[in-house]
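When you get a sec, could you build the whole thing from the sequences and use the hints?
2 protein chains.
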Amino acid sequence: MARLVMKFGGTSLTDVRHIRNVARHVKREVAAGHQVAVVVSAMAGTTNQLVAWTAEMAPLHDAREYDTVVASGEQITSGLLAIALQDVGVEARSWQGWQIPIKTDAAHGAARIVEIVSDRLIERLARGQVAVVSGFQGVAPDNRIATLGRGGSDTSAVALAAALNAARCDIYTDVDGVYTSDPRIVQKARRLARVSYEEMLEMASLGAKVLQVRSVELAMVHGVRILVRSSFTEPGAPELAGGNEPPGTLICDEDEIVEKKIVSGIAYSKDEAEISLRRLADKPGVAAAVFGPLAAADINVDMIVQNISEDGTLTDLTFTVPTADYERSHAVLERAKDQIGYEIIQGSTEIAKVSVIGIGMRSHAGVAADCFKALAAKGINIRAITTSEIKISVLIEAPYTELAVRTLHSLYGLDNT
Amino acid sequence: MARLVMKFGGTSLTDVRHIRNVARHVKREVAAGHQVAVVVSAMAGTTNQLVAWTAEMAPLHDAREYDTVVASGEQITSGLLAIALQDVGVEARSWQGWQIPIKTDAAHGAARIVEIVSDRLIERLARGQVAVVSGFQGVAPDNRIATLGRGGSDTSAVALAAALNAARCDIYTDVDGVYTSDPRIVQKARRLARVSYEEMLEMASLGAKVLQVRSVELAMVHGVRILVRSSFTEPGAPELAGGNEPPGTLICDEDEIVEKKIVSGIAYSKDEAEISLRRLADKPGVAAAVFGPLAAADINVDMIVQNISEDGTLTDLTFTVPTADYERSHAVLERAKDQIGYEIIQGSTEIAKVSVIGIGMRSHAGVAADCFKALAAKGINIRAITTSEIKISVLIEAPYTELAVRTLHSLYGLDNT
Chain C
475 MARLVMKFGG
485 TSLTDVRHIR
495 NVARHVKREV
505 AAGHQVAVVV
515 SAMAGTTNQL
525 VAWTAEMAPL
535 HDAREYDTVV
545 ASGEQITSGL
555 LAIALQDVGV
565 EARSWQGWQI
575 PIKTDAAHGA
585 ARIVEIVSDR
595 LIERLARGQV
605 AVVSGFQGVA
615 PDNRIATLGR
625 GGSDTSAVAL
635 AAALNAARCD
645 IYTDVDGVYT
655 SDPRIVQKAR
665 RLARVSYEEM
675 LEMASLGAKV
685 LQVRSVELAM
695 VHGVRILVRS
705 SFTEPGAPEL
715 AGGNEPPGTL
725 ICDEDEIVEK
735 KIVSGIAYSK
745 DEAEISLRRL
755 ADKPGVAAAV
765 FGPLAAADIN
775 VDMIVQNISE
785 DGTLTDLTFT
795 VPTADYERSH
805 AVLERAKDQI
815 GYEIIQGSTE
825 IAKVSVIGIG
835 MRSHAGVAAD
845 CFKALAAKGI
855 NIRAITTSEI
865 KISVLIEAPY
875 TELAVRTLHS
885 LYGLDNT
Chain W
475 MARLVMKFGG
485 TSLTDVRHIR
495 NVARHVKREV
505 AAGHQVAVVV
515 SAMAGTTNQL
525 VAWTAEMAPL
535 HDAREYDTVV
545 ASGEQITSGL
555 LAIALQDVGV
565 EARSWQGWQI
575 PIKTDAAHGA
585 ARIVEIVSDR
595 LIERLARGQV
605 AVVSGFQGVA
615 PDNRIATLGR
625 GGSDTSAVAL
635 AAALNAARCD
645 IYTDVDGVYT
655 SDPRIVQKAR
665 RLARVSYEEM
675 LEMASLGAKV
685 LQVRSVELAM
695 VHGVRILVRS
705 SFTEPGAPEL
715 AGGNEPPGTL
725 ICDEDEIVEK
735 KIVSGIAYSK
745 DEAEISLRRL
755 ADKPGVAAAV
765 FGPLAAADIN
775 VDMIVQNISE
785 DGTLTDLTFT
795 VPTADYERSH
805 AVLERAKDQI
815 GYEIIQGSTE
825 IAKVSVIGIG
835 MRSHAGVAAD
845 CFKALAAKGI
855 NIRAITTSEI
865 KISVLIEAPY
875 TELAVRTLHS
885 LYGLDNT
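So the protein sequences, as listed, match chains C and W. 891 is the number that the numbering used here gives the last residue of the first sequence; the numbers go up by one with no jumps. 891 is the number that the numbering used here gives the last residue of the second sequence; the numbers go up by one with no jumps.
Hints are computed from structural coordinates only; laboratory data are not their basis. Everything numeric in this text was worked out from a predicted model, so none of it was measured. What you were told as hints is all true, and nothing was included just to trick you.
Coverage of chain C stretches by chain W, computed from C-beta distances (three or more under 8 Å per stretch; other residues unrestricted):
#1 483 to 497
#2 516 to 530
#3 547 to 558
#4 567 to 575
Pairwise CB distance ranges (calculated):
#5 C:D579 with W:A476: 35 to 45 Å
#6 C:D772 with W:D593: 34 to 44 Å
#7 C:D579 with W:V562: 26 to 36 Å
#8 C:G563 with W:A529: 14 to 24 Å
#9 W:A770 with C:A600: 39 to 49 Å
#10 C:G563 with W:A476: 50 to 60 Å
#11 C:T707 with W:A529: 23 to 33 Å
#12 W:V562 with C:E824: 37 to 47 Å
#13 C:I778 with W:V562: 42 to 52 Å
#14 W:E530 with C:I778: 49 to 59 Å
#15 C:T823 with W:V562: 34 to 44 Å
Computed from the model, here is a short list of chain W residues facing chain C with C-beta under 7 Å:
#16 A532
#17 V543
#18 S546
#19 I550
#20 L554
#21 A556
#22 S568
Glycine residues also receive a C-beta, built at the ideal position from the N, C-alpha and C atoms.
Next up, the structure:
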């Protein structure tokens, strides 16, 4: 018997039939003797429709009104799921952010949770009532609804699990776990039974879109164990008991991972674009002249490579920005051309970032060298490199993405055999 | 300069374009120097969809969850209208029932407003901010959302007008006022400039579906003047100033109506069905034996006619029930057949009730006699009659409805010439 948070995303709540299926998943856990709080997203498509209406009404609009409109999607699914649970004999009630309350800061549209007042929830859970909590929302200091930003329901679930001191936060989604790579590209990708917070953070931020990055950070800070699993499996199947691994992927502290693999996964991202400034004066302060205006325009620069010229007076600078900011970055740099003092600006959106991730790298040398050698052997040109303690990222031409990912997946022994 | 409540129904809020149009209506009143609170319904169709989902999930469901789901429609339109108002330069914010708060009783699904805490709204209105209030909802003593029952936004608007001591409550709808009869049937129907609360109550309950009955009752109790008007007119047109009649129909105390007409309108309803019990024992307690079981089944009986038999031992009893309850009424009476002691049960849904309404009737004799004579002259058989101080209703066969309504409309001089 444990306290559980179960979170269901929009694709698990698309209609009455799907919501009934979710109710059966919840009933299974209640029948197993657990105290259960459920966090729900809006029906798939609803949030996009609501966001589109606010944008159509006025491109620049009051974030407090945006929150009022957009948070209604979760209000609908929370009420419907409570009805579905009662219909299968499970005592349940819905909770909106302002009712609990889930207190946020004043940053409407992208608020952060400050506090979850959990006393009443805990009391109800102890009495056997399931709490169905609207994800993605809370109440700001002005007593108005605040939303947490897109994908915020994952964050709601993890924060609630922390507040309730839950044994686990189960994130139900349309995939059955976290894989060693994208199964659409790598047929031999395997589901990971366990992955550490640090690895998951790298994977999430690199395009493995299973979980929102913020929710993983929050889980790491509060030590919330997350189980990523599918809502499309048979809800009636009893859980494996005792020491067996549960279905899905457990995201946990690395201390919980006994057998640490050197490399856990290969991620990739096509959401970055490359910009090169040619024949830049190689003098102190030039980097600030380039990246200052970009930072002022709220554009995140990721990988940076500087090639020093032969005579030491001119240089080339290459870096990546999110593809969505590519045009804007160009405009910012064109405007700042005279202050920076470059000759040519070039760029491409036809690039990809491929990353090798694994906590085992910390204690193993030669992982990076193996990577570069294997890619070279396939004729794949590396345009830039960044590394961290548990990650190696390389920038390559986009058409080579799949080849590079498969090559590295095999290289580090991740292929399912 | 006055304080106004403006209420817009779902057909005035169907999409972004319609909501923009509503914003222009509001802007016109603000520009005229008025303090404005707006009450909104959900987009047309939204509430029906939400209600359908709750019913599909479970035919019998928790009214508190129903309220949570269904109230989200108004949350969406209130936020969108606030954005639209800001976009045309009008300071505005949305208010949900729990934020004001609009306190209701505990009767979730059909709650009554107990109190509207208006201090903060009045303060904001005085500062020139438009309050956009979600209609149809409030917050119950359990701190959960409560809805007022279908059509409840009219009630929200009138209650808010009373709480704010507003000069007028303008109900914008898809018709431009209250007519002497249904214009789809009577081409010569005229818009009434003014109509008393009492008359409007009779018209509303008899099928002139412009306003919810409860909102008119509430307006009468609190002396709230209601102006029914169209949202589809040009919003930019300035209001007529001073003593001129505003567009639409003003529903007010009869003291405000200088020229009292004998008859103000002819209403009809096809939502009633007739049931006859034949050869009933004519003894004390038989009426209780018939109407007791119907009342216990929550079925409202309207018109009742009893024909006493020649020998005084047997009788026929005829009465009307809502068409929606017709089958159920039959079943109830079949079950109680032995206790009641009748021989034959007959019935028809092919009947209509036509009513002549007017406060002037109080001081004029012969109105009813004229009605019966005119219908007889057209060969229309009257199956039952009920009268009140300001109303005469007759039950006729449904195919004669249009003929009867037009005949009476002409008879009492209501035709537009």
